[in-house]
Structures are given as C-alpha cells and as structure tokens.
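J.: Going down the list, the protein sequences come from chains A and B. Once you know that position 222 of the first sequence is 221 in numbering that gives the first Met the number 0, the rest is easy, because the numbers rise by one and skip nothing. Once you know that position 37 of the second sequence is 36 in numbering that gives the first Met the number 0, the rest is easy, because the numbers rise by one and skip nothing.
In short, the hints are calculated from the structure, not lab data. One thing to keep in mind: the hints can contain errors.
With a straight-line cut-off of 27 Å between C-alpha atoms, the simulated DSSO-like cross-links for lysine-lysine are [what the hints assert, rightly or not]:
| id | chain 1 | residue 1 | chain 2 | residue 2 |
| --- | --- | --- | --- | --- |
| 1 | A | 110 | A | 68 |
| 2 | A | 68 | A | 190 |
| 3 | A | 255 | B | 239 |
| 4 | A | 136 | A | 248 |
| 5 | A | 88 | A | 69 |
| 6 | A | 136 | A | 110 |
| 7 | A | 69 | B | 118 |
| 8 | B | 118 | A | 68 |
| 9 | A | 69 | A | 255 |
| 10 | A | 88 | A | 136 |
| 11 | A | 69 | A | 190 |
| 12 | A | 110 | A | 5 |
| 13 | A | 88 | B | 118 |
| 14 | A | 68 | A | 88 |
| 15 | A | 248 | B | 118 |
Residues on chain A that point at chain B, a partial pick, calculated with CB under 10 Å [as the list claims (entries may be wrong)]:
| id | residue |
| --- | --- |
| 16 | 27 |
| 17 | 81 |
| 18 | 86 |
| 19 | 101 |
| 20 | 103 |
| 21 | 124 |
| 22 | 127 |
| 23 | 130 |
| 24 | 132 |
| 25 | 139 |
| 26 | 179 |
| 27 | 222 |
| 28 | 241 |
Cβ atoms here follow ideal geometry from the backbone N, Cα and C, with glycine treated the same way.
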Amino acid sequence: MSTLDKRMSAADIVSRLQSGMTLGIGGWGPRRKPMALVREILRSDLTDLTIVSYGGPDVGMLCAAGKVKKLIFAFVSLDAIPLEPWFRKSREAGAIEVLELDEGMFQWGLKAAAFQLPFLPTRVGLGTDLIELGGLKTVQSPYDDGEVLVAMPALNLDAALVHVQRCDHRGNVQALGPDTYYDEWFAKAAKECFVSCEELVPAMEDAYPQDARANLFERCFVTGVTEAKGGAHPTSLPPDYGWDMGWFKRYAAAAKDPGDWAAVAGQFVGASEAEYLASVGGMEAVGALPLPVF
Amino acid sequence: MASLAELCIVAVAEAFRTDRELIGTGIGPVPRLGVGLAKLTHSPGLMMTDGEAFLVEQPVPIGPRGYDDRKPAGYLPFSRFFDSAVWTGRRHAMVTPTQVDRFGQTNLSALGGTHAQPKTQMLGARGFPGNGIYHANSMFIPVHSARVFVAGEVDRISSPGYNPARRIAGGNYSAIDLKRIVTNLCVMDFGGPDHAVRVVTLHPGVTFAEVQAATGFDLIDAVAGETPLPTAEQLGIIEKLDPHGIRHSVLADNPPAQRSAS
Numbered sequence: 000m001s002t003l004d005k006r007m008s009a010a011d012i013v014s015r016l017q018s019g020m021t022l023g024i025g026g027w028g029p030r031r032k033p034m035a036l037v038r039e040i041l042r043s044d045l046t047d048l049t050i051v052s053y054g055g056p057d058v059g060m061l062c063a064a065g066k067v068k069k070l071i072f073a074f075v076s077l078d079a080i081p082l083e084p085w086f087r088k089s090r091e092a093g094a095i096e097v098l099e100l101d102e103g104m105f106q107w108g109l110k111a112a113a114f115q116l117p118f119l120p121t122r123v124g125l126g127t128d129l130i131e132l133g134g135l136k137t138v139q140s141p142y143d144d145g146e147v148l149v150a151m152p153a154l155n156l157d158a159a160l161v162h163v164q165r166c167d168h169r170g171n172v173q174a175l176g177p178d179t180y181y182d183e184w185f186a187k188a189a190k191e192c193f194v195s196c197e198e199l200v201p202a203m204e205d206a207y208p209q210d211a212r213a214n215l216f217e218r219c220f221v222t223g224v225t226e227a228k229g230g231a232h233p234t235s236l237p238p239d240y241g242w243d244m245g246w247f248k249r250y251a252a253a254a255k256d257p258g259d260w261a262a263v264a265g266q267f268v269g270a271s272e273a274e275y276l277a278s279v280g281g282m283e284a285v286g287a288l289p290l291p292v293f
Numbered sequence: 000m001a002s003l004a005e006l007c008i009v010a011v012a013e014a015f016r017t018d019r020e021l022i023g024t025g026i027g028p029v030p031r032l033g034v035g036l037a038k039l040t041h042s043p044g045l046m047m048t049d050g051e052a053f054l055v056e057q058p059v060p061i062g063p064r065g066y067d068d069r070k071p072a073g074y075l076p077f078s079r080f081f082d083s084a085v086w087t088g089r090r091h092a093m094v095t096p097t098q099v100d101r102f103g104q105t106n107l108s109a110l111g112g113t114h115a116q117p118k119t120q121m122l123g124a125r126g127f128p129g130n131g132i133y134h135a136n137s138m139f140i141p142v143h144s145a146r147v148f149v150a151g152e153v154d155r156i157s158s159p160g161y162n163p164a165r166r167i168a169g170g171n172y173s174a175i176d177l178k179r180i181v182t183n184l185c186v187m188d189f190g191g192p193d194h195a196v197r198v199v200t201l202h203p204g205v206t207f208a209e210v211q212a213a214t215g216f217d218l219i220d221a222v223a224g225e226t227p228l229p230t231a232e233q234l235g236i237i238e239k240l241d242p243h244g245i246r247h248s249v250l251a252d253n254p255p256a257q258r259s260a261s
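Input sequences plus hints: build the corresponding full structure.
T.: Rendered as structure tokens:
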C-alpha cells in the first residue's frame, strides 16, 4: 500500500506533462484559474498543446507564448475586458486550430469523457455553424421518436489542472466560494488531475472537517497536489481575493504595445513563482484585491 | 424628461412580461434594468441572479456596490446553469449580438476572414447555441444599423433562427422562440409570415422608412403606434436599480425619449 502522499512541486507536475498533450484547465474566464500551474507551463519547454478551457488569461498567455496547437473553447474573456487581447491576436494571425463549442456542449463533452462514453447526445448546436465547422456528427434516437441529435464527442483529457482553497497530502480537496464552475468534470475527464491550493494541510479531517461538503471531487481523481498561495492570481478566487484589474489592463495594453509576448513575458510570468508573487505585491496585496461585483 | 435609454428599458420590461416562473437574464445595463423593472412591476414570477451565483428576489442594483449587499434567496451558479435554467427551457435571455439576420440568426463568434483565420475574432459562441435551441431569447441593439442587421446571413451562426436552409431532418427546433428586438429606433418582433421581422412600435419621432433604411433586410410595417414613454413610477424604479446612472452612457449623447422638432 502506497502512502498516498501526492505532494509535489509545481515543477514536478509540469515535468509529468508532455508536448502534444491535451490539457484541461479549470475555472471560468477570469475566475479561479490555476494560474500558478499555467505560469509553470509557460516557464517550461512544453509545446504543441491542445488546451480545453472556459478561457481567460490562461488561454491568452499560452497562445501568446506559442504553446498552443489547438484550442477547444466556447469563449475567451477577461469579463471586464470582454475580448481577450492575446487570444484575438493568435486567432487573427491564424496561428492556432480551434474547436469552437457552446458552453453547455463543452461541459457535456467533459461529462462524456468522465463517464467513459464516446459521446453524449444534445440538441445544442443545431441550426448553428458549430456542427459543420467542428466536424461534429449527428445521431438518431433508436426509439419511436427518431429524433436526430448532435453527438457531442467526449473531451478526453490527458491531464487537468485546477486551483482550490485547500488540499491535504492524499488529495482531499475543498473548493470554497460561490461557484466552482466545471472543475469537477475537468478532474473526472482527465487521466491525471493536478490540483494547486492556497493551503496544503496535513489531514483534512483534522483541519477542516466542518467544510467537507466543499469536497468538490473525490481524491481518487487527484494525482498530485501542490501549495501555491495566490495561485489563481491575476484571476479571482472568492472569497479569498478578487481579480487584479490593474494587471488585466497592463496585460491588455501590452498586446498592442509592444505587442510582442517575448518582450513582456517576464513581467506577466516571472522567472519563478516566488518572484512573480513578489512582483505583484505578495499575498498581502493579492489578499486585498476586492471581490468583483456583477 | 425621460431619456431614450429609459424608454428602451421600459420596452425591455414589456418584452419580458410573463405569467411564468423563469429566469430572466438581461446582459448589459439596459436589458438587465428592463428585467428588474418587469420583475418589480407586472411579472413577479421572473427570477434573477446577482450576476455571479445567487438568485435574488430584490434585483441587484447595477454598478459599484458592496459585495455582500445582494441578498441571496436561492442558488444558481454556472455549475448548474445548464441543468436548471437553459436545458430545461426555464429562461428568457436578452443579449446584444454583433450581427443579426432576417432569420434571427445571430453572430458573437467572428467577423470576416475564414474560420481558420477570422478578420476579427470576438468572444466565441458562448452559450448562444444552447440558449437559442432551448429557451426564449430577445435582443437589445443600441445602434440600429445595417452593420448589425445584415443583408443575407450573419458571418458565423452562433445562435439558431428560423432559417429553413439550416435545419436538418429529424432535428427538434420547436423551442426556438425569438421574442423581441429593442433598438434605439424601434421595437421589432418575428411575427411576420415564416417569422419575418416586423416593426411593431416606433420610438417617438422615428419613421418606418428611417428604420428600414438602417436595416440590411426587408422589414414588415406592422407599426401599432409609438413605443410608450416611461411612467413616473417606472422611472422611480429604474433610478433605484441604477443609482449611479450607468444607463445615461449606453446611448451616444444620451438623447431624450422624445426627439425635439427639427
């Protein structure tokens, strides 16, 4: 029996990934993104990735850095800055392949993968360009109704990355906050799921037993855990911290001037996570970022 | 005197009039204020969120506020939005697409170029395909022009409409339900033959010819009068829902509801 000790460094996690893999990234737009792990990928020589994401700055940065071969997405947005500037540049340069989906089809594809099914049927996509552009197929109900439906293919992931508030060494996670989006399904759709957290505790049952309902997915879906304080920055992680609007504005402005990722990557990625966190004012500054209101 | 934006908010509220209990989603200040106004006046069955994850019975005022000012009465996070609101058909949304065509097909994805290399990349299809096939939808277009209401078809079809050429045999399109289009010039619906777009009310001082000239496809003149001006009660509710006056910056130069004679 193994010790179930799943602790690893962010660099260990990225060393287990390979160029050409399909990676799912949890969160939603500028919210609860596993940005510390994304930054670690940006510091690595990984390339040729297929990224599956409800996209925010994770997608924009990976596109800008030339890490992305193909993007599977329904939107890419920073919310307060609706159009993600670096993603736009990549698309308008024809630099990446895409599979554009509806938000609901997207989670349906994750669920198909989680349940080890080839597809799940849906009406979503009918009457739109997504079917033809995405090469999606239809399937007919075998029952008397005979309805023709879109067969949303499973979005099988080689690995998934998510960021939560708390983990223990065995991979028991707790995700607080008002919304956890589809992180649960990213975890279950992946061969391996790596979780970064604000706080790594020795044993969840001793540390936070009262919050067990925040256990978003079971530890059998967790391959590795790592502590990364401020690990969602510049995206939000309610109730801990909001997104960093000043950062988003600098990042968006840099897409126009100088418009060259290589010239600004250091500023937005940092040579190490410690250096990055210090550059944005440390946890004191991150923890003071106001929660966004809508 | 009421502004044109406030007149539009009242027209949005009218578009959301319902006896049902369903989620009302207005994306953007004018649609959201209109849903709130409908909920607080003629359509109390409407359900709204705080824009984040919680259902509220008191519509949350738009603009800066304390995070905890909203009072949750229920819960509708993204993590169950498709299960609860969209794929059950219990929703009416109003959005602002970049392009709309005569079939009610909309585009939020990209303009021009090719799929591999669009001239202008926009948001992506978001939830438009699912919204369109499963529940009622309306639109708010703040600048009525032939650039939005395009000739032919939209560049990319993000949400389905009433185009017979885009339907496959055996598909179920029965829930496609396009309600109203509120613009800075008029209110339109899809009540013509084969769901053709009709102008049903003109904002004060606007002519049908002016609307047609600003539209890339043929419209049906079904004008039944002027779009109603807001009442004092409605203006009071709108002010409470928009204490910072964000509505005043939606339309260029914040014109009055009634055009001055010229």
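J.: Checking each numbered hint in turn, tell me which of them this model violates, lowest number first.
T.: Failing hints, ascending: 3, 4, 10 and 27.
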